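Put chain Z on the given structure of chain B with help from the hints.
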Amino acid sequence: MTTVTSGTPDTAETPAPARPSGTGRRVPYWLLLPGVLWLLVFFVAPLVYQASTSVQTGSLEDGFRVTWHFATYWDALGTYWPQFLRSIGYATAATLLCLLLGYPLAYLIAFRAGRWRTLLMVLVIAPFFTSFLIRTLAWKTILSDGGPVVGALDSLHVLGLTDALGVTEGHRLLATPLAVVCGLTYNFLPFMILPLYTSLERIDGRLHEAAGDLYAGPLTTFRRVTFPLSMPGVVAGTLLTFIPAAGDYINAELLGSPDQKMIGNVVQSQFLRVLDYPTAAALSFLLMAVILAMVTVYLRRAGTEDVV
Amino acid sequence: MRTAARPLRWLRRHLVVIAGLGTLAYLLLPNVIVTVFSFNKPAGRFNYEWREFSTDAWTHPCDVAGLCGSLSLSLWIALWATLGATVLGTLAAFALARHRFRGRGGVSGLVFLPMAMPEVVMAASMATLFLNTGVAFGFWTILIAHITFCLSFVVTAVKARVASMDPRLEQAAQDLYATPLQTFLRVTLPIAAPGIAAGALLSFALSFDDFVITNFNAGSTVTFPMYVWGAAQRGTPVQINVVGTAMFAVAVLCVLAGQLAGRRKNRRRGSRRS
Numbered sequence: 001m002t003t004v005t006s007g008t009p010d011t012a013e014t015p016a017p018a019r020p021s022g023t024g025r026r027v028p029y030w031l032l033l034p035g036v037l038w039l040l041v042f043f044v045a046p047l048v049y050q051a052s053t054s055v056q057t058g059s060l061e062d063g064f065r066v067t068w069h070f071a072t073y074w075d076a077l078g079t080y081w082p083q084f085l086r087s088i089g090y091a092t093a094a095t096l097l098c099l100l101l102g103y104p105l106a107y108l109i110a111f112r113a114g115r116w117r118t119l120l121m122v123l124v125i126a127p128f129f130t131s132f133l134i135r136t137l138a139w140k141t142i143l144s145d146g147g148p149v150v151g152a153l154d155s156l157h158v159l160g161l162t163d164a165l166g167v168t169e170g171h172r173l174l175a176t177p178l179a180v181v182c183g184l185t186y187n188f189l190p191f192m193i194l195p196l197y198t199s200l201e202r203i204d205g206r207l208h209e210a211a212g213d214l215y216a217g218p219l220t221t222f223r224r225v226t227f228p229l230s231m232p233g234v235v236a237g238t239l240l241t242f243i244p245a246a247g248d249y250i251n252a253e254l255l256g257s258p259d260q261k262m263i264g265n266v267v268q269s270q271f272l273r274v275l276d277y278p279t280a281a282a283l284s285f286l287l288m289a290v291i292l293a294m295v296t297v298y299l300r301r302a303g304t305e306d307v308v
Numbered sequence: 001m002r003t004a005a006r007p008l009r010w011l012r013r014h015l016v017v018i019a020g021l022g023t024l025a026y027l028l029l030p031n032v033i034v035t036v037f038s039f040n041k042p043a044g045r046f047n048y049e050w051r052e053f054s055t056d057a058w059t060h061p062c063d064v065a066g067l068c069g070s071l072s073l074s075l076w077i078a079l080w081a082t083l084g085a086t087v088l089g090t091l092a093a094f095a096l097a098r099h100r101f102r103g104r105g106g107v108s109g110l111v112f113l114p115m116a117m118p119e120v121v122m123a124a125s126m127a128t129l130f131l132n133t134g135v136a137f138g139f140w141t142i143l144i145a146h147i148t149f150c151l152s153f154v155v156t157a158v159k160a161r162v163a164s165m166d167p168r169l170e171q172a173a174q175d176l177y178a179t180p181l182q183t184f185l186r187v188t189l190p191i192a193a194p195g196i197a198a199g200a201l202l203s204f205a206l207s208f209d210d211f212v213i214t215n216f217n218a219g220s221t222v223t224f225p226m227y228v229w230g231a232a233q234r235g236t237p238v239q240i241n242v243v244g245t246a247m248f249a250v251a252v253l254c255v256l257a258g259q260l261a262g263r264r265k266n267r268r269r270g271s272r273r274s
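Chains as they are written, first to last, in UniProt numbering: chain B, 1 to 308; chain Z, 1 to 274.
Since the hints were made in silico from the structure, they are not lab data.
This one's a predicted model, so the numbers in the text were calculated from it and none came from an experiment.
From the three backbone atoms N, C-alpha and C, an ideal C-beta is built for every residue, glycine too.
Here are the in silico distance ranges between beta carbons for each label pair:
(1) Z:Ala136 x B:Asp62: 17 to 25 Å
(2) Z:Lys265 x B:Leu275: 53 to 61 Å
(3) Z:Arg104 x B:Gly217: 41 to 49 Å
(4) B:Pro34 x Z:Leu189: 12 to 20 Å
(5) Z:Ala116 x B:Arg301: 15 to 23 Å
(6) Z:Leu21 x B:Ala289: 34 to 42 Å
(7) Z:Ala178 x B:Val66: 55 to 63 Å
Looking from chain B toward chain Z, a few residues come up when the C-beta cut is under 7 Å (computed):
(8) Leu39
(9) Pro104
(10) Val122
(11) Ile134
Bound conformation, chain B alone:
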């Protein structure tokens, strides 16, 4: 029998007790077979098909054939670079807003909520269960031209300012970049709050006391102790919001106008309406490449600071 030396078996990387017998060694493969087979057929094979589609030429009538026509990528990028830039811009703005809005709530639940903690967590998660399309449609009501939000912001002269900044237009909110970013922020906010909460909750409260004992003010404590220790949550949260937000097309479709189209909208219309499969496939891969590049750079930068 193996002896157990590790006192903390809670990380995924903890070596599991291996069974030495010959038949036991095959157990993991049998367990994995159905799931991996499923993913190979319905996740990997589709990507291979899509890769091959992206270098095909032809038409719906005559059929498509692989001609290694890599120019599709170049053409797609040349035509749709504004939508790419917009997607990155909107997703970045939404991610930053999520962090700004989500951090206080995660902090509140982790350190200040006391016996209200469970209720607050339920209220963060529960909106998930109402169809997100219905909730996004509700923003149409909230942001509507004659609605109280537009009225209040207009009387405070906020809309004049945002008009000047170019995030709204004509003293209205719907069908403007601000509406789309607001929708994106709203839809992906829980994905920011949950990892932030998880990492904040792990922080030992005594560290705050220690910081106080060493004459650190609340702000210094936050900047030097709390925030650095919550970095894993910040990194996970920003990735979980940025990636889906960059590919989203629901918010731009429901809350924006044709001027706010993101790259997801283009993929959707190329695939389902124009039926130009090669362009849709090329755009998909370009989107993945852009996201992958940004995530790699981000992870490298977030990792080199001595935060974790």
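Only chain Z this time, still in chain B's reference frame:
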């Protein structure tokens, strides 16, 4: 000076609470709107402006053509997708959490990728496969697509639970002459159960609510999210808000009931120990 500083100091001390509750209000505002507008009697096809109070939509939820059909289809798909993803995912999670074997890193990456990919990309690639192989779009393609994207979430949830489990418990069971099957059924499975339940619940919610992947792989089949999407263009019946409100209420009640049950169980356990 001092009297002006006091509210400021109060504000500074409670800044986190105020900002946090503000964010919570932002999160819940659409749910409030959905609930309020479920009691509306709109004048036109769209339910965006408040007219007059009415409970018609609550008393006649199925009066709109296609709505209840799409709802039951979505529930049905979510049920099967949950079952499929939970079985496949749990098996894989046990292998990944409990065994070291060649290719483990590769499999972990394979499982992680579907979660790290924008939904449109996955949706379009799956539709490409079905188009190329000539599979007819409909119930089966939706179900396959849903199982695929739920699978990763189940693996992650179950793996986390199984990995945090103390292996000494199983060794203790074996020391007490439990057969491998008994050990699995009486020790391992009960410990893993909350992870499996979490994965299943997540699968159900994700499958029921999925629009993007369904939109690409449904053909002319209409699930509930697709019905809502169509309604956003044609006209939004009040009944959509009724469904949204009911889903929110059921979710809150289920979670609170679960919490209460858990607390009572803990208290009983605590009193027995003392």
